[in-house]
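Participant: So you can see what is in the structure, the chains are spelled out below.
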Amino acid sequence: MLEIKDLTKKFGTKTVIDDLSMTVKDNEIMAIVGPSGAGKTTLLRCITGLESVNQGQFFWNGTQFDPTNTDQKDTIIGVVFQDYQLFPNLTVMGNITLAPTMVKKLPLAEVQKTARELLARLGLEGKEDLYPFQLSGGQKQRVAIVRALAMNPKILCYDEPTSALDPALRDEVAEIILGLKKQQMTQIVVTHDMDFAQNVADEIKRVEQID
Amino acid sequence: MIQYIEQILPALLSGTKMTLSIFFWTLIASIPLGALVGLGLIQKFKPLVWLLNIYVWLMRGTPLLLQLIFVFYGLPILGIIFQRYDAALFAFILNYTAYFGEIFRGGFQSVPKGQFESARVLRLSYGQTIRKIVIPQVFKIVLPSIGNEVINLVKDSSLVYVIGLGDLLRAGNVATARDVTLLPLILVGIIYLALTAVCTIVLKMIEKRENVWQ
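As you go down the protein sequences, you meet chains B and H in turn.
Residue numbers for the first sequence follow UniProt numbering, beginning at 1 and rising by one.
Residue numbers for the second sequence follow UniProt numbering, beginning at 1 and rising by one.
Hints are computed from structural coordinates only; laboratory data are not their basis.
A few of these clues could be false.
Unchecked claim - Computed list of lysine-lysine pairs in DSBU-like fashion (alpha-carbon distance at most 30 angstroms, straight line):
1. H:46 - B:105
2. H:113 - B:14
3. B:181 - B:205
4. H:46 - B:127
5. B:127 - B:104
6. H:204 - B:10
7. B:181 - B:14
8. B:113 - B:10
9. B:10 - B:154
10. B:181 - B:113
11. B:205 - H:113
12. H:46 - B:10
13. B:154 - H:132
14. B:5 - H:113
15. B:127 - H:132
16. H:46 - H:113
Here the structure is a predicted model, which is why all the values come from computation and not from measurement.
Let the hints inform the model, and build the full structure from the sequences given.
Facilitator: Here it is in structure tokens:
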């Protein structure tokens with residue numbers, strides 16, 4: 001269970017998130033929805049440690065943790081970015097195995113085996129040796145999901161997972177997210193797409209722009 | 001004529017060896033050093049950036065010929081004495097590192113911020129990120145500009161004649177002055193053309209290899 005308590009984030013004098021608290025239960029999908037500029041992505045960036053917070057605490061199963069602390073090798077949070085940010089110079093397999101082998105020092109063969117299983121599960125078998133530019137948008141997104149999963153995170157976060165895809169692929173993403181839920185993955189989805197949120201989420205957190 | 005060519009060729013080839021030696025060691029040292037300078041130029045620590053900018057400005061803003069003369073004839077006045085060959089290498093490496101540094105700075109800046117963030121959430125360290133993700137992308141971006149400098153370096157190496165090193169140009173010049181014939185200078189030109197042609201081909205091969213990803 002992820003708990004966030006009294007989170008406040010300011011950029012200069014502008015408060016983007018004001019005293020927000022929320023709880024994400026295990027194996028549940030939490031959707032964070034709201035209009036553009038409401039601070040959804042900022043909230044996600046605070047949770048993933050890409051932004052430091054002005055105030056607030058994070059707890060994982062009751063133990064406090066600091067998302068910005070990159071020394072911790074046991075990742076709690078995995079992220080799938082809106083534009084995926086795959087590494088263009090590495091193959092699909094290279095993208096997935098880089099962090100587990102370099103950060104967790106796991107043996108390459110073992111990581112590759114896990115990667116193949118994950119790729120097959122998301123319908124990407126045979127794509128191991130392709131480079132990101134050779135993949136479609138949907139395929140890139142799934143590689144980004146596998147890359148995040150390979151670090152074995154407790155929670156997987158998505159930033160606007162449907163915004164860069166055409167409508168037909170929206171249901172496919174929903175299926176993937178729901179499929180991961182069946183495998184006990186806790187997930188946070190930031191989206192402006194209310195229909196999508198209602199389709200996948202167990203709980204919806206609305207954020208509004210602060211004036 | 002063939003006989004004359006055979007007669008002066010050993011001198012020209014020995015000069016070529018000097019040219020290649022300057023060329024080779026300058027590249028070996030100044031490409032990695034340039035990458036470091038480029039990395040320094042994108043840091044947030046301002047004093048470092050200023051210092052590196054002043055260095056780059058000095059090296060790019062004054063003639064390489066002046067720098068060579070300064071190192072070999074000027075520094076001894078201050079008690080710093082270099083051998084001819086060391087003086088040449090020192091000046092060339094300092095000069096080319098500045099050019100490569102500027103090229104690498106541009107390369108580093110064109111890697112999207114998202115790549116750093118993506119690496120960060122995967123818990124890769126800064127060093128790992130630079131080595132495995134950033135440098136390979138930067139290398140591909142800067143390759144054409146580096147190629148230009150490499151070709152320039154082949155020709156710039158001829159400047160070492162001012163400090164009395166026996167390079168290719170000097171060998172040709174000596175033969176022409178002695179024998180009053182154009183032939184040595186034409187041969188020198190042909191050898192430079194051959195050297196730059198080889199560089200061009202090697203660079204094209206590297207570029208082709210880098211084209212497996214985009």
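Participant: Would the pair residue 46 of chain H and residue 105 of chain B pass a check requiring their Cα atoms to be no farther apart than 30 angstroms?
Facilitator: violated (35 angstroms)
Participant: CA of residue 10 of chain B to CA of residue 154 of chain B, is that 30 angstroms or under?
Facilitator: Cα-Cα ~27 angstroms, so holds.
Participant: Has the given pair, residue 154 of chain B with residue 132 of chain H, been kept, meaning a C-alpha gap of at most 30 angstroms?
Facilitator: Distance of about 26 angstroms is within 30 angstroms: holds.
Participant: Given the hint that residue 113 of chain B pairs with residue 10 of chain B, does the C-alpha gap stay at or below 30 angstroms?
Facilitator: Distance ~43 angstroms between residue 113 of chain B and residue 10 of chain B Cα, so the pair is violated.
Participant: Is residue 181 of chain B close enough to residue 113 of chain B, meaning Cα to Cα at most 30 angstroms?
Facilitator: holds (22 angstroms)
Participant: Could you grab the alpha-carbon distance between residue 181 of chain B and residue 205 of chain B and see if it respects the 30 angstroms cut-off?
Facilitator: Distance ~18 angstroms between residue 181 of chain B and residue 205 of chain B Cα, so the pair holds.
Participant: For the pair supplied as a hint, residue 46 of chain H and residue 10 of chain B, confirm whether the alpha-carbon distance does not exceed 30 angstroms.
Facilitator: Distance of about 25 angstroms is within 30 angstroms: holds.
Participant: With a cut-off of 30 angstroms on the C-alpha distance, tell me whether residue 127 of chain B and residue 132 of chain H pass.
Facilitator: holds (21 angstroms)
Participant: Within 30 angstroms, alpha carbon to alpha carbon, are residue 46 of chain H and residue 127 of chain B?
Facilitator: Given pair residue 46 of chain H, residue 127 of chain B is violated - Cα atoms ~44 angstroms apart, limit 30 angstroms.
Participant: Is it true that the CA of residue 181 of chain B sits at most 30 angstroms from the CA of residue 14 of chain B?
Facilitator: violated (36 angstroms)
Participant: Is residue 5 of chain B within 30 angstroms of residue 113 of chain H, Cα to Cα?
Facilitator: holds (29 angstroms)
Participant: Taking only the CA atoms, is the gap from residue 113 of chain H to residue 14 of chain B under or equal to 30 angstroms?
Facilitator: holds (23 angstroms)
Of the numbered hints listed earlier, those contradicted by the structure are 1, 4, 6, 7, 8.
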